[in-house]
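Novice: For reference, the chains in residue letters:
Number of protein chains: 2
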Amino acid sequence: MTLMEKALDGKLTPLMGEVAKDEGVPEKVIRKGVAAGRIVIPRNVHREHIRPVGIGEGLRVKINANIGTSPDHIDIKEEIEKANVAVKHGADTLMDLSTGGDLDEIRKEILKIPVPLGTVPIYQAAAEVIGRGRSIVDMSKDDMFNVIEAQAGEGVDFMTVHTGMTKESLERLTGRRHRQQGRLTGIVSRGGSFLAAWMLHNNEENPLYADFDYLLDIAREHEVTLSLGDALRPGSIKDSTDRAQIQELIILGELVDRARESGVQCMVEGPGHVPLDEIEANVKLQKKLCSGAPFYVLGPLVTDIAPGYDHITGAIGGAVAAMAGADFLCYVTPSEHLALPDREDVKNGVIASKIAAHAADITRRGIDLRRDVEMAGARARLDWEKQFELCINPEKAAEFRNSRHPQTPDVCTMCGEFCAMKMVKSYLKK
Amino acid sequence: MTLMEKALDGKLTPLMGEVAKDEGVPEKVIRKGVAAGRIVIPRNVHREHIRPVGIGEGLRVKINANIGTSPDHIDIKEEIEKANVAVKHGADTLMDLSTGGDLDEIRKEILKIPVPLGTVPIYQAAAEVIGRGRSIVDMSKDDMFNVIEAQAGEGVDFMTVHTGMTKESLERLTGRRHRQQGRLTGIVSRGGSFLAAWMLHNNEENPLYADFDYLLDIAREHEVTLSLGDALRPGSIKDSTDRAQIQELIILGELVDRARESGVQCMVEGPGHVPLDEIEANVKLQKKLCSGAPFYVLGPLVTDIAPGYDHITGAIGGAVAAMAGADFLCYVTPSEHLALPDREDVKNGVIASKIAAHAADITRRGIDLRRDVEMAGARARLDWEKQFELCINPEKAAEFRNSRHPQTPDVCTMCGEFCAMKMVKSYLKK
Numbered sequence: 003m004t005l006m007e008k009a010l011d012g013k014l015t016p017l018m019g020e021v022a023k024d025e026g027v028p029e030k031v032i033r034k035g036v037a038a039g040r041i042v043i044p045r046n047v048h049r050e051h052i053r054p055v056g057i058g059e060g061l062r063v064k065i066n067a068n069i070g071t072s073p074d075h076i077d078i079k080e081e082i083e084k085a086n087v088a089v090k091h092g093a094d095t096l097m098d099l100s101t102g103g104d105l106d107e108i109r110k111e112i113l114k115i116p117v118p119l120g121t122v123p124i125y126q127a128a129a130e131v132i133g134r135g136r137s138i139v140d141m142s143k144d145d146m147f148n149v150i151e152a153q154a155g156e157g158v159d160f161m162t163v164h165t166g167m168t169k170e171s172l173e174r175l176t177g178r179r180h181r182q183q184g185r186l187t188g189i190v191s192r193g194g195s196f197l198a199a200w201m202l203h204n205n206e207e208n209p210l211y212a213d214f215d216y217l218l219d220i221a222r223e224h225e226v227t228l229s230l231g232d233a234l235r236p237g238s239i240k241d242s243t244d245r246a247q248i249q250e251l252i253i254l255g256e257l258v259d260r261a262r263e264s265g266v267q268c269m270v271e272g273p274g275h276v277p278l279d280e281i282e283a284n285v286k287l288q289k290k291l292c293s294g295a296p297f298y299v300l301g302p303l304v305t306d307i308a309p310g311y312d313h314i315t316g317a318i319g320g321a322v323a324a325m326a327g328a329d330f331l332c333y334v335t336p337s338e339h340l341a342l343p344d345r346e347d348v349k350n351g352v353i354a355s356k357i358a359a360h361a362a363d364i365t366r367r368g369i370d371l372r373r374d375v376e377m378a379g380a381r382a383r384l385d386w387e388k389q390f391e392l393c394i395n396p397e398k399a400a401e402f403r404n405s406r407h408p409q410t411p412d413v414c415t416m417c418g419e420f421c422a423m424k425m426v427k428s429y430l431k432k
Numbered sequence: 003m004t005l006m007e008k009a010l011d012g013k014l015t016p017l018m019g020e021v022a023k024d025e026g027v028p029e030k031v032i033r034k035g036v037a038a039g040r041i042v043i044p045r046n047v048h049r050e051h052i053r054p055v056g057i058g059e060g061l062r063v064k065i066n067a068n069i070g071t072s073p074d075h076i077d078i079k080e081e082i083e084k085a086n087v088a089v090k091h092g093a094d095t096l097m098d099l100s101t102g103g104d105l106d107e108i109r110k111e112i113l114k115i116p117v118p119l120g121t122v123p124i125y126q127a128a129a130e131v132i133g134r135g136r137s138i139v140d141m142s143k144d145d146m147f148n149v150i151e152a153q154a155g156e157g158v159d160f161m162t163v164h165t166g167m168t169k170e171s172l173e174r175l176t177g178r179r180h181r182q183q184g185r186l187t188g189i190v191s192r193g194g195s196f197l198a199a200w201m202l203h204n205n206e207e208n209p210l211y212a213d214f215d216y217l218l219d220i221a222r223e224h225e226v227t228l229s230l231g232d233a234l235r236p237g238s239i240k241d242s243t244d245r246a247q248i249q250e251l252i253i254l255g256e257l258v259d260r261a262r263e264s265g266v267q268c269m270v271e272g273p274g275h276v277p278l279d280e281i282e283a284n285v286k287l288q289k290k291l292c293s294g295a296p297f298y299v300l301g302p303l304v305t306d307i308a309p310g311y312d313h314i315t316g317a318i319g320g321a322v323a324a325m326a327g328a329d330f331l332c333y334v335t336p337s338e339h340l341a342l343p344d345r346e347d348v349k350n351g352v353i354a355s356k357i358a359a360h361a362a363d364i365t366r367r368g369i370d371l372r373r374d375v376e377m378a379g380a381r382a383r384l385d386w387e388k389q390f391e392l393c394i395n396p397e398k399a400a401e402f403r404n405s406r407h408p409q410t411p412d413v414c415t416m417c418g419e420f421c422a423m424k425m426v427k428s429y430l431k432k
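These protein sequence lines are chains A and B, in that order. Going left to right, the first sequence walks through residues 3 to 432 as the working numbering numbers them. Going left to right, the second sequence walks through residues 3 to 432 as the working numbering numbers them.
Worth double-checking, as some hints may not be accurate.
The list treats identical chains as interchangeable, and a pair is accepted whether it falls inside one copy or across any two copies.
With a cut-off of at most 27 angstroms between alpha-carbon atoms, the simulated DSS-like pairs for lysine-lysine come out as follows [unchecked claim]:
hint : residue 1 : residue 2
1    : 114       : 79
2    : 90        : 79
3    : 30        : 290
4    : 424       : 143
To be clear, the hints were calculated from the coordinates, so they are not data collected in a lab.
Hey, can you work out the whole structure from these sequences and the hints?
Specialist: Following this line, the structure appears as structure tokens:
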């Protein structure tokens, strides 16, 4: 029996109990959420001793950090360090998006880190066919499914599968006038671009859709949570919320229902580049079309013009999306659109996402305001040690405060003796 | 005649024409907006050759950068450098919040920078009385008004005056049970804390409110735009949108009407620390209570727990506020709550605010999407030079891209040869 089937059967597993404890919610909330498919707990049957992470309705917003090599930069040690930096600063899950070097070896190392791990198996399938001197369009269906099965057997907890880019949805991107809406940036999903090339070249349906039942069998066997990918997500503000994107989302919604019927946990991935005023609509639409499946958003980025600062554009979009109901934020680093991130970029990306998630949490769950209340109390008391203890990155906060020395130790150099907190302490409270 | 009176009289001044051109809107939009008090153009009669900056309905969202010494850190040269860094990276206006050193000398230097300058005159009044060996509560009313008049005569374009903290609103902070709602962080406005101390100690009404007509006379004479300050803004998420804050806002709304009757331009300052889901309500409330006066928000910061990263918490809040209708964002630097910002902090603060303002602009004004569309086109073409040209900080973007070298020059090291844009170029477009 899968986790979802156990939940449907009214069984509370230890994993569900751990998640309930971690979230501070009653156990039955978790059991019912998992049964309904509105909460997922990604954990492969072959993995043990990893952090229990629940994603979905009524839970804290979670964040994912992507790491992994590219063909241009292969350094396993660095990727492991990046993964550890991400977890240290608050990433709930990791995705290994490696496309360069010995992919099995890299994944084996990353699987040693005790948090849920996700992958995009089509990357490895593509890298392997290219490694054999062929082109991506020459992949066989077996090439794709063999990688999925192998990774599932190794313990990958969740997998991005671009199952919604079918002939029907791709038609809205590449079809004749009035079918396609005229995109600026076509496909920006890496896996999506591989599959689109494959489909167009071979004039065949997307195997991940055509053989979705096979995918479900593998997911069932190994308890892999499917993350239904958005190959047709917008790659620019102008392309946001167009017919191609929404057509794919409709299909993903149908696949959510099929996954649930098979007892397979799944979530749905979402945009991408979205203007601020379309984010809420995107979230509500996903929740409706996909029957309340957990929503995993990639940003969203609220402008295209800030490369070098896309951790900030992503934090703005992520906070607004999570407030509207998105459950899982994929981090964006400052190096997005420019280069493979390094350790510092990973740290900055995780912290920005964490801020977005927390800002949304305090609007979604009363209990998450506690830490802000404690912080505000410490501020009013000018209790600096307590402030450092409570803040999102104590090292950074201490670094700023210690960079400049106030003449009186209880204030900071921003206002010095003109500290409003101190003024209030001495006059208002007397 | 003041600018507002000229606009009411149907006159289009050259300054209004410059703002119209800068904004890409018809001149009559500016004239009518200024006449109605829904747009302000801060420019003191004694200043010339400064950038024309319009703030309000239908215009681009503007951003302000605060600079200035504190008693603990006095370095005029550094403050001038910070001011120039701020303007270089996109600050529309500056505020000199100096409280340490020779305040007249510092302001004289900053006035040489050709953008509108704001101040908080009560800071200088307080610093002077302390310089005379007395306490803030010993200030006379003349001490306050003399500073305002002197600064107006020197050319200060806009001034924060905490006119809404009256006995009536302060009662909601310090009064007996059921009058006060129980704040965690009392008063966090520096000027507000000076005035509250003064009012409580002397048991007198706030002179800036009691003698508001005198303030209007000075503003009229020198064409100073009043920025009605929010002394009672929340200093923590928990204190947000409480009775003290809203009581002050009601009074500020009444003063907006009085200022307009006198032909004095004014805007209204707003929070502060506000949870994401209360921001829109705060903006709508200000617009309603203050008859559509431009809204100048200080953040808002959407969580208390991220010192060291408050440029990000402020960018999230600022973007959401501006989308809801706020017109003017005061930047927040990473050193907020910890130390006086240095050059790098100022730069990072300005850029984060600029991103927030732009993300909101593209939801408010169609024409502001153009740059994003051009950027997306350059991305799809893999035209890196054009991307750098269009982005918010070309130096930073180039630094990331050049830090790691792709094997093929048209892609980046994030995906290398697996670049989706390149895949799309070669398969989808053929």
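Novice: Since the copies are identical, ignore which copy is meant and state whether residue 90 and residue 79 lie within 27 angstroms (CA to CA) inside a copy, between copies, both or neither.
Specialist: within (16 angstroms within a copy, 40 angstroms between copies)
Novice: Between residue 30 and residue 290, at a C-alpha cutoff of 27 angstroms, which is it: within one copy, between copies, both, or neither?
Specialist: within (24 angstroms within a copy, 45 angstroms between copies)
Novice: Between residue 424 and residue 143, at a C-alpha cutoff of 27 angstroms, which is it: within one copy, between copies, both, or neither?
Specialist: Between copies only: 23 angstroms across, 69 angstroms inside.
Novice: Cα distance capped at 27 angstroms. Does residue 114 pair with residue 79 within a copy, between copies, both, or neither?
Specialist: Within one copy, since 13 angstroms is at most 27 angstroms while 53 angstroms is not.
Violated hints: none; the structure is consistent with every hint.
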